[in-house]
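Chemist: As a plain string of letters, each chain reads:
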Amino acid sequence: MVKLFSGLFILLLAAGCTESINVNLDNSYIRLVVDGGITNDSLQRTVILSKSASYFYNQPPPMVSHAIVTLTDGSFLDTLREQLPGKPGYYMLDSTFRGVIGKTYSLDVKLSEVIGNSAEYTSTCKIMKVARLDSVQAEFNPDIGKDGHWLVKIFAQEPGDEMNFYMLKYYRNGLLISDSIQKWSTSDDKYFNGSYIRGLTAFYINNSHKWETLHPGDTLLVQMSGITKEYYDFIQQVQQAGYQIPFFSGPPANVEGNVSEGGVGFFAAYSNSYAKLVIPAK
Amino acid sequence: MKFFTFCFLIFLMLTAWSAHAFPENLKKYTISGKVTDKNDGESLVGATIFIQELKTGTTTDQYGRFSLTLPEGRYTITFSFIGYTSTSKEIDLDKDISLKMELATEQKELHEVVVKSEKSDQNVAKPEMSVFKMDIHTIQKIPALMGEVDVIKAIQLLPGVQSVSEGSSGYSVRGGAPDQNLILLDEATVYNASHLMGFFSVFNNDAVKDVKLYKGDIPANYGGRLASVLDVRMDEGDSKGFEVNGGIGIIASRITVEGPIKKDRCSFIVSGRRTYADLFLPLSSNKALQNNRLYFYDINAKINYVIDDNNTVFLSGYFGRDVFSNQFARMSWGNGTGTFRWNHVFSKKLFFNLTSVYSDYRYLLGTPTGTSNSFEWNANLKDIGIKGDFSWYINTKNTLKFGGAVTYHMINPGTASGTGSETVYTSIQVPKNYSIESGIYATNEQKIGSHFIATYGLRLSLFQSIGPGTVYHYTPNHVVIDSTVYKAGIIYNTYGGIEPRLGLLYDINGKSSVKASYARTYQYLQLAQNSSAGTPLDIWFPASPNIKPQIGDQVALGYFRNFRHNTIETSVEVYYKWMQNVIDFKNFAQLLLVDTLEGQVRTGKGYSYGVEFLVRLNEKIVSGWVSYTYSRSFRLIPEIDPNPYPAPYDKPNNISVVLNFQLAKRWSISANWVYATGAPVTFPTGRATIGGKVIPIYSDRNAYRYQDYHRLDLAVTFYSKEKPNRKFSWDLNFSVYNAYNRHNTWSINFVQDNTDPNVTYAEKVYLFGIIPSITFNFHFKHG
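From first to last, the protein sequence lines stand for chains A and B.
FYI, the numbering for the first sequence is 197 to 478, going by the numbering used here.
FYI, the numbering for the second sequence is 1330 to 2112, going by the numbering used here.
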């Protein structure tokens, strides 16, 4: 709702002007950055390890190679293998791995050298259950924006037994369009706990944006994931990071991930549910 | 509570004793009465009554009344008020005398340079410091954004006052938070003083008479906020003839009608305004903007009725709404206040004032109905209160003021529910909150010898949370473990405060004085605002078992000196302020529609200090002020930062130049220039890449600063020709905001480049370039 509220003030913000400026910044110490996770299907089984850099580093992040990365659920499960030589810093599980809903997984990282305060890091995350996505609908609204917007709506029974958090992504003709964290949708169940979610708008897709808009005949796939509260908060914090709108923004602060020893980032574990639709004519 | 009552009684007895401790050899009589404007019959607040023979005097109170007790004799009494011709009267004081003095406004005669009569020397002689009073005529001359003159924007130009963000109505007084300012409109609390996200304030300058800001040395009759009191008084209607005033500007128009209902006894004033910037939006080529609605309107009304010499009643009210909507959402918010007052003169020495106030602030945020995402969200804060104040002019040496107030606060932090049959949203009610805030006070102003005045007082405050209510219990790590629900009518939590107030004045030679003050203040209500500029959705929340009241202690010392027959007032003040239980919020706090707001509050200490230099001019040609302030403000909240960090309002160097030049009879030029050190800010000192996005890794809280802020505003006003008995007059005002087009920082974003995601840069957002505007004001008077 706060997001909606921010949207309301686009008009006022449009009155503001921007210009790029030079700012002299100091450098803080280098931290380990963990990004990736596992799912209850084969969708996600990669973890990327990199290092933080000075803010205006302006190059791809320095990757962390030769680490020993293992997955446990109390007992040892598997080792994630670094994809050398092609993709340094990318550590992958065996393709047969499937996470189990309700289980808590730990990612242990042993580095070949100390980064930040430590050479050993741990992240822990539980796989939450997800509401089963019954169907999706796509509706074209010509009145919003210059060329109109597609509204992607979801239908599902919310379980209602506890506080649930959801993450949504979409694919167009098999290609992930929500390809960066900025494009993910999130929702908690505060406003519909236990009810049937009858057409909640999950995505507002700007028809002016060729790279994300839908066309009649396209196959739309929506992925809904059950995530932990910590991951939900993390996604929202990352999405807002860097931007300060004096009306809404609290003081800037470091995003709160689940990496121990002052590491940055999140090792996420979650479950997925999908629904498909062939886009009808407008 | 019993202890409080006991203290209070002792205090009363002490002051009564001191009041009668001086032998009264000569027979004494009292001169009392009222000072009003000859032109429209409105009372003059703070007018000076000066006894030439005794070199002593008094000033009128908030209702234009005064009382002065003197030994029997023959006296020359001079009545004076800024902008009015001083009038003297010879009096044989051999019995109690009641006087009604009418003062006429000064004509804009430029050649009449010699100022014969003594102007007010209150700056030096009045035992109050850290106070700034402005009448609406001064405010109207200040160049303003889009030509819309504004009380709060004028306040932000005073020494010791900082705007919290460009264009915002929020302000920080001596390093305090914006919610530590008590804003009163005819004694009713205004909980959100902003219109249009703060670019305008709720005060319509056509309906305002004067404003007074207390930055410290807060009198004992006020309580409930740590940093300041802004006392805004609504204009009274003209009791002699009908008047219509209005203005047409580029974004708003306003009209005021006033006049007598019964000549010299009963008058009314009604004032309204509306913005119309949105009327042009359908013409926009941007389709997204065409369907937007964005406006505000407000209405002020007041009736006053002089029943007889001893009784006057006032009824005043304010109602305002901001409306904002587009195809995604609709929103409205606003204040309503109402005040009923009864001034009663018990005797020539004892004045009484009974006030009952009502204040309601509410907002609504919703989406269009009929969709699955339809919902509506309401919140409001309502006050009902009653207040009694006595002024007892005991003798020449002592003036005792005492009284009490009780206010019932009702807070609904939020009700959100789906609307229409298709909605997927169920409803949510954040527990409502009820409390009673009360206070009793007594303060005595005592003249000791011919050079020394002491003002000493005590305020006892009490804050009670009353059922129905829900209190959550938290672990030391702010995790909810349990809650207790209290039934209606049960007082489940009580806080009390003893608030001494002390002011001392030593008059060195009639032209200069030294003043010192100490004040302790308690604050029981605070704003859940985590951003710098704030939004209308920010809610107020009370002290509770989890949130202790905030406590402030301030000491100040000042030197005051007047020059050139009091037309130049100068002062230097130093202050130091300690604050306990000040609030801040955890990182990434979610303050809206949450039951567990208190779990996100982090409390600690704060301190601020500074020195303020002020030169205020009241010459015929030049008026205004020039000030320089050096101040610092810090917070120590260990759960946020183990070290003290600069408060968001810590802007050490501050200069304000606000001047008006009446260059000729028919035109004047105004200019103001403000300079402030850039606000403290947290900047990135590193970065990490997550999910394709470069995210900043931040410095310590507020370790950097924005660029310094400075801005020049100019205005030229042409007046219509003055002719005797002319009924219609007008003026035309051209103003330029930000005349040299400085791009002052509103915020800085750290942005990832669209084409190369590895590249990041800093982007400054500024709100206003140079903004010219034109306003036409008119004035019509009949009778």
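Read the hints as simulated data drawn from the structure, not as lab findings.
Be a bit skeptical, because a hint or two may be false.
Under the rule of at most 27 Å between Cα atoms (straight-line distance), these lysine-lysine pairs were calculated in the DSSO-like manner [unchecked claim]:
{"#": "1", "chain 1": "B", "residue 1": "K1915", "chain 2": "A", "residue 2": "K386"}
{"#": "2", "chain 1": "A", "residue 1": "K306", "chain 2": "A", "residue 2": "K322"}
{"#": "3", "chain 1": "B", "residue 1": "K2110", "chain 2": "B", "residue 2": "K1592"}
{"#": "4", "chain 1": "B", "residue 1": "K1915", "chain 2": "B", "residue 2": "K1357"}
{"#": "5", "chain 1": "B", "residue 1": "K2022", "chain 2": "A", "residue 2": "K322"}
{"#": "6", "chain 1": "B", "residue 1": "K1677", "chain 2": "B", "residue 2": "K1716"}
{"#": "7", "chain 1": "B", "residue 1": "K1994", "chain 2": "B", "residue 2": "K2056"}
{"#": "8", "chain 1": "A", "residue 1": "K472", "chain 2": "A", "residue 2": "K365"}
{"#": "9", "chain 1": "B", "residue 1": "K2093", "chain 2": "A", "residue 2": "K379"}
{"#": "10", "chain 1": "B", "residue 1": "K1711", "chain 2": "A", "residue 2": "K425"}
{"#": "11", "chain 1": "B", "residue 1": "K1761", "chain 2": "B", "residue 2": "K1429"}
{"#": "12", "chain 1": "A", "residue 1": "K283", "chain 2": "B", "residue 2": "K2022"}
{"#": "13", "chain 1": "B", "residue 1": "K1915", "chain 2": "A", "residue 2": "K322"}
{"#": "14", "chain 1": "A", "residue 1": "K425", "chain 2": "A", "residue 2": "K299"}
{"#": "15", "chain 1": "B", "residue 1": "K1776", "chain 2": "A", "residue 2": "K386"}
{"#": "16", "chain 1": "A", "residue 1": "K306", "chain 2": "A", "residue 2": "K379"}
{"#": "17", "chain 1": "B", "residue 1": "K1776", "chain 2": "A", "residue 2": "K379"}
{"#": "18", "chain 1": "A", "residue 1": "K425", "chain 2": "B", "residue 2": "K1592"}
{"#": "19", "chain 1": "B", "residue 1": "K1761", "chain 2": "B", "residue 2": "K1677"}
{"#": "20", "chain 1": "B", "residue 1": "K1429", "chain 2": "B", "residue 2": "K1384"}
{"#": "21", "chain 1": "B", "residue 1": "K1384", "chain 2": "A", "residue 2": "K306"}
{"#": "22", "chain 1": "A", "residue 1": "K342", "chain 2": "A", "residue 2": "K299"}
{"#": "23", "chain 1": "A", "residue 1": "K247", "chain 2": "B", "residue 2": "K1776"}
{"#": "24", "chain 1": "A", "residue 1": "K365", "chain 2": "B", "residue 2": "K1367"}
To give a feel for the contact side, a few chain B residues facing chain A, derived at Cβ under 10 Å [as the list claims (entries may be wrong)]:
{"#": "25", "residue": "E1495"}
{"#": "26", "residue": "T1752"}
{"#": "27", "residue": "V1753"}
{"#": "28", "residue": "N1838"}
{"#": "29", "residue": "G1839"}
{"#": "30", "residue": "S1841"}
{"#": "31", "residue": "V1843"}
Note that the structure is a prediction, hence the values are computed from the model and not measured.
Beta carbons are placed, not taken as given, at the ideal position from N, Cα and C, and that holds for glycine.
Chemist: For the pair supplied as a hint, K1384/B and K306/A, confirm whether the alpha-carbon distance does not exceed 27 Å.
Modeler: At roughly 86 Å apart (the allowed maximum being 27 Å), K306/A and K1384/B break the hint.
Chemist: Please work out if K2022/B and K322/A have their alpha carbons no farther apart than 27 Å.
Modeler: This hinted pair holds, its Cα atoms lying about 24 Å apart.
Chemist: Tell me if the straight-line CA distance from K283/A to K2022/B falls inside 27 Å.
Modeler: Holds - the C-alpha atoms of K2022/B and K283/A are around 19 Å apart, at most 27 Å.
Chemist: What's the verdict on K1761/B and K1677/B, does the C-alpha distance respect the 27 Å limit or exceed it?
Modeler: Outside the cut-off at roughly 47 Å; violated.
Chemist: Is K1761/B close enough to K1429/B, meaning Cα to Cα at most 27 Å?
Modeler: violated, 50 Å
Chemist: Would you check the hint for K306/A and K379/A, treating anything up to 27 Å between C-alpha atoms as holding?
Modeler: Not OK: K306/A and K379/A at ~32 Å, beyond 27 Å, violated.
Chemist: Was the hint right that T1752/B lines chain A, CB cutoff 10 Å?
Modeler: holds, 9 Å
Chemist: Close enough to count: is the Cβ of N1838/B nearer than 10 Å to one in chain A?
Modeler: Violated, because the Cβ-Cβ distance from N1838/B to chain A comes to roughly 48 Å (cut-off 10 Å).
Chemist: Starting from K2110/B, check that the Cα of K1592/B is at most 27 Å away, please.
Modeler: holds, 15 Å
Chemist: With the threshold set at 27 Å, check whether the alpha-carbon distance from K1994/B to K2056/B stays at or below it.
Modeler: holds, 18 Å
Chemist: Have a go at the E1495/B hint: is there a Cβ in chain A nearer than 10 Å to its own Cβ?
Modeler: Interface hint status for E1495/B: holds (8 Å vs cutoff 10 Å).
Chemist: Take a quick look at whether K1429/B and K1384/B sit within 27 Å of each other, Cα to Cα.
Modeler: Holds, because 21 Å separates the two Cα atoms, which is no more than 27 Å.
In terms of the numbered hints stated before, the structure departs from hints 4, 10, 11, 15, 16, 17, 18, 19, 21, 22, 23, 24, 28, 29, 30 and 31, listed from lowest to highest.
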